[in-house]
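From first to last, the protein sequence lines stand for chains A and B. Heads up: the first sequence at position 259 corresponds to 259 in the numbering used here, and the numbers run straight through without jumps. Heads up: the second sequence at position 44 corresponds to 44 in the numbering used here, and the numbers run straight through without jumps.
These are calculated hints, taken from the structure and not from any lab test. Warning: the hint list may mix true and false statements.
[As the list claims (entries may be wrong)] Selected chain B positions facing chain A (Cβ under 8 Å, derived; list incomplete):
1) 15
2) 19
3) 24
4) 28
5) 43
6) 54
7) 57
8) 73
9) 87
10) 91
11) 97
12) 108
13) 110
14) 120
[Claimed, not checked] So these bits of chain A aren't anywhere near chain B, every CB distance computed over 12 Å:
15) 24
16) 217
17) 421
[Stated by the list, open to error] Example chain B residues on the side facing chain A (calculated, C-beta under 8 Å, incomplete):
18) 42
19) 68
20) 71
21) 109
22) 112
23) 119
This one's a predicted model, so the numbers in the text were calculated from it and none came from an experiment. For each residue, glycine too, the CB sits at the ideal point set by N, CA and C.
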Amino acid sequence: MAATPSTPVDLSLAFILTPPPLGNWLVILPPVLMITLGAVLMMMRHATRLHGLVAVPGLAALVVLDALLLWKVAVEGPITMVMGRWLPPFGIAFTVDVFGALLALVSAMAALAAGIAALSDISETGRRYGFFPFLMLLMAGVSGAFLTGDLFNLYVWFEVLLISSFGLLILGSEREQIDGALKYALLNLLGTTFFLIAVGYTYAIFGTLNMADLAVRAREVSGAPLMTLAGLFLLAFAMKAAAFPVNFWLPASYHTPRLTVSALFGGLLTKVGIYALMRVMIMLFPVQHEAWSFVIGVVAFLTMVLASLGMLAQNDLRRLAGYAVILGIGNMLAGIATGTVSGLAGAVLYALHSILAMTALYLAVGRAAALSGQFTLSSLGGLYQRAPGFAFVSLALMLAVAGLPPFSGLWPKIMLVKASIDIGAWWLAAGILVSGFLSTVALGRVFLIAYWRPAPAQAEGKMPAAAAGPDRPGGSAGWLSFGPLVGLTVIITLFGLFPEAPMSLSQTAAIGLMEPAAYIGSVFPAGGRP
Amino acid sequence: MEFPLAILVGTFFSAAIYLMLSKHSVRMLLGIAILGNAVNLLLFTGGRLTREVPPIIGAGMETLPAGAANPLPQALILTAIVISFSFFAFLLVLTYRAYQELGTDNTDEMRLAEPKDEPMPPIGY
């Protein structure tokens with residue numbers, strides 16, 4: 001006979017008994033939607049004509065969901081949902097604050113643009129090999145990483161986006177791609193393994209992986225080797241974000257896949273590393289961050305300066321764009337190094353700008369190649385003559401990437417320079433300005449040579465339309481690839497002209513990271529922890 | 001039990017790092033495999049090693065008995081094993097393809113994506 005418990009079990013000790021309000025489901029809907037669509041697309045793998053019809057509305061729905069989520073979070077403060085209704089910290093929590101929702105929204109916008117561009121850029125074979133399912137799973141990983149409130153769950157989302165990025169990177173199986181992918185795969189896997197090591201130590205020290213719980217306990221614990229732990233996290237996330245001494249995988253691989261894939265990667269992947277770095281270093285380990293901030297500052301300085309020198313030295317437009325991605329990482333790290341609200345707000349704002357601008361920059365490179373059939377600066381030319389409208393859009397993008405007014409790159413740079421001067425780190429401010437100047441020179445030269453220079457003689461006889469087939473580098477030159485580029489440029493321009501809303505949201509995000517009381521309060525509503 | 005396991009984890013880590021410093025992609029792969037196991041053992045050790053006290057809440061008890069092993073790290077390891085196994089499988093195929101396509105497993109000679117003699121960009125026109 002089975003023994004019945006003598007006392008009725010008090011479920012309220014372990015479970016949340018009240019069902020969550022309907023609006024809170026928004027917290028987990030983005031990854032759920034993306035995983036579902038990824039599975040559906042996988043099942044209709046051979047119906048390649050239908051892929052775009054499912055994927056693009058799906059990404060549009062993701063933008064809408066993330067926008068609703070951001071609006072809800074900005075109005076009501078952080079919201080939490082727990083898997084299986086277990087009381088936190090036992091259940092895996094999804095906790096969303098303004099920081100996470102903001103990045104999720106902007107990355108969904110970039111993914112939508114890339115998804116539309118893919119309709120013309122990705123060939124039949126690419127679709128058959130699963131471009132759109134991989135894209136959906138990549139977005140599941142990215143949104144999950146931005147929305148989760150659990151450190152191990154963050155690791156799992158990192159792996160989700162990593163494995164789908166492998167699939168996207170080798171789409172086409174060209175020799176260059178295999179070469180780039182090998183370096184990308186080995187070094188990124190190493191980075192996530194370091195992250196896992198740090199997660200293991202975190203669990204051994206604190207006995208919890210819930211971020212809100214950790215944020216409380218890390219401020220109470222003494223005597224634990226937290227400096228080492230913070231250092232491990234720093235190494236792991238710097239590797240994911242492509243900060244200087246551990247960034248060699250990025251220039252080795254980002255120029256090899258299809259341009260749409262490069263655009264996705266350049267826009268999204270490194271920013272997930274920056275997000276995780278800010279979440280862990282600022283919110284969880286503020287004391288240790290203080291001690292590491294000088295190291296982060298030096299890394300930021302070297303990343304910026306070396307990336308801008310790298311931009312000057314590239315002949316291949318795609319590789320130049322890769323260094324532009326790294327330049328942005330340096331700027332964001334500078335904001336993290338300052339550790340002040342204005343510096344962090346600058347870093348968040350820069351991340352938003354960088355997601356949009358880098359996606360657009362790669363798309364522009366793809367279009368330049370579609371118009372002229374090549375990527376190298378030494379043989380490009382005459383683009384202004386051929387497509388004045390596109391030249392205008394490109395100029396706007398280059399000014400935005402270089403951080404010149406009136407585009408989105410200006411405001412975060414101003415905030416970052418001011419924050420660095422405020423804490424007396426004049427060298428950091430100098431690094432931001434000098435690297436910005438060097439990148440202006442590099443991008444100005446691209447415009448001068450590829451756009452203003454008359455087309456070189458040997459390319460004169462080539463018909464641009466002949467170079468624009470779907471299997472050519474850079475893909476098609478139709479409106480399907482130009483539309484997203486124009487859309488992103490319009491957003492970037494509006495962001496530059498009316499920066500108040502993104503600025504105040506970034507400010508809220510930074511304050512939420514520095515003083516996580518609201519975040520903790522949303523996970524442990526009663527104020528007490530078990 | 002923690003002490004010998006800590007030594008073992010350390011040995012695994014050093015062997016993995018030694019292998020990954022090699023130029024040959026196959027050795028680097030072996031290094032990655034050992035590194036994955038080192039991390040799994042590390043997580044396992046972090047979860048308190050006891051054979052005698054199972055993590056079961058008996059009748060009439062409210063919490064686990066003192067000194068019981070923690071079951072959560074084992075769940076973490078299970079996830080990590082699955083992930084690292086699938087990544088390792090992918091990397092094996094990728095390395096083999098790289099060997100087929102590039103004809104070498106020496107990473108110094110894999111310069112297809114980053115050619116050695118790439119020209120500098122034009123200074124002007």
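Each hint tested on the structure:
1. Checking residue 15/B against chain A: minimum C-beta separation of about 14 Å lies over 8 Å; hint violated.
2. For the restraint placing residue 19/B at the interface with chain A, the shortest Cβ-Cβ distance is roughly 12 Å, beyond the 8 Å limit, so the hint is violated.
3. Taking 8 Å as the C-beta contact cut-off toward chain A, the hint placing residue 24/B at the interface is violated, the least distance being around 12 Å.
4. The interface hint given for residue 28/B is met, as the beta carbon of that residue sits about 6 Å from the closest beta carbon of chain A, less than 8 Å.
5. With a cut of 8 Å, the hint placing residue 43/B at the interface with chain A holds, because the nearest CB-to-CB distance is about 4 Å.
6. With 8 Å as the threshold, the beta carbon of residue 54/B stays out of range of chain A, its nearest partner Cβ sitting at about 18 Å, so the hint is violated.
7. The beta carbon of residue 57/B is not positioned within 8 Å of any beta carbon in chain A (closest approach about 11 Å), and the interface hint is therefore violated.
8. Annotation: residue 73/B was flagged as interfacial toward chain A, and the flag holds, the nearest CB pair being 6 Å apart, inside 8 Å.
9. Hint status for residue 87/B relative to chain A: holds, with the closest Cβ pair at about 6 Å, below 8 Å.
10. A distance limit of 8 Å between C-beta atoms decides the matter here; for residue 91/B the minimum to chain A is near 6 Å, and the interface restraint holds.
11. A cut of 8 Å between beta carbons decides the hint on residue 97/B: the least distance to chain A is about 5 Å, and the hint holds.
12. Here the hint on residue 108/B is broken, as its CB sits about 12 Å from the closest CB of chain A, past 8 Å.
13. The interface hint given for residue 110/B is met, as the beta carbon of that residue sits about 5 Å from the closest beta carbon of chain A, less than 8 Å.
14. At about 6 Å, the closest approach between the beta carbon of residue 120/B and any beta carbon in chain A falls short of 8 Å, and the interface hint on this residue holds.
15. Even its closest Cβ contact with chain B, about 25 Å, leaves residue 24/A beyond 12 Å, as expected for a residue assigned away from the interface.
16. Remark: the non-interface label on residue 217/A is consistent with the geometry, its nearest Cβ contact in chain B lying 16 Å away (cut-off 12 Å).
17. The beta carbon of residue 421/A is kept farther than 12 Å from every beta carbon of chain B, the shortest such distance being approximately 33 Å.
18. The interface hint given for residue 42/B holds, since its Cβ lies 5 Å from the closest Cβ of chain A, which is under the 8 Å cut-off.
19. Given the 8 Å rule on beta carbons, the hint for residue 68/B is violated: about 13 Å separates it from the nearest Cβ of chain A.
20. Proximity of residue 71/B to chain A is violated relative to the hint, the smallest CB-CB distance being about 12 Å (cut-off 8 Å).
21. Residue-level restraint check for residue 109/B is violated (minimum Cβ-Cβ distance to chain A is 10 Å; threshold 8 Å).
22. This hint holds: residue 112/B has a C-beta 4 Å from the nearest C-beta of chain A, less than the 8 Å allowed.
23. Checking residue 119/B against chain A by beta carbon gives a least distance of about 6 Å; that is within 8 Å, so the hint holds.
Hints 1, 2, 3, 6, 7, 12, 19, 20, 21 from the earlier list are contradicted by this structure; the remaining hints agree with it.
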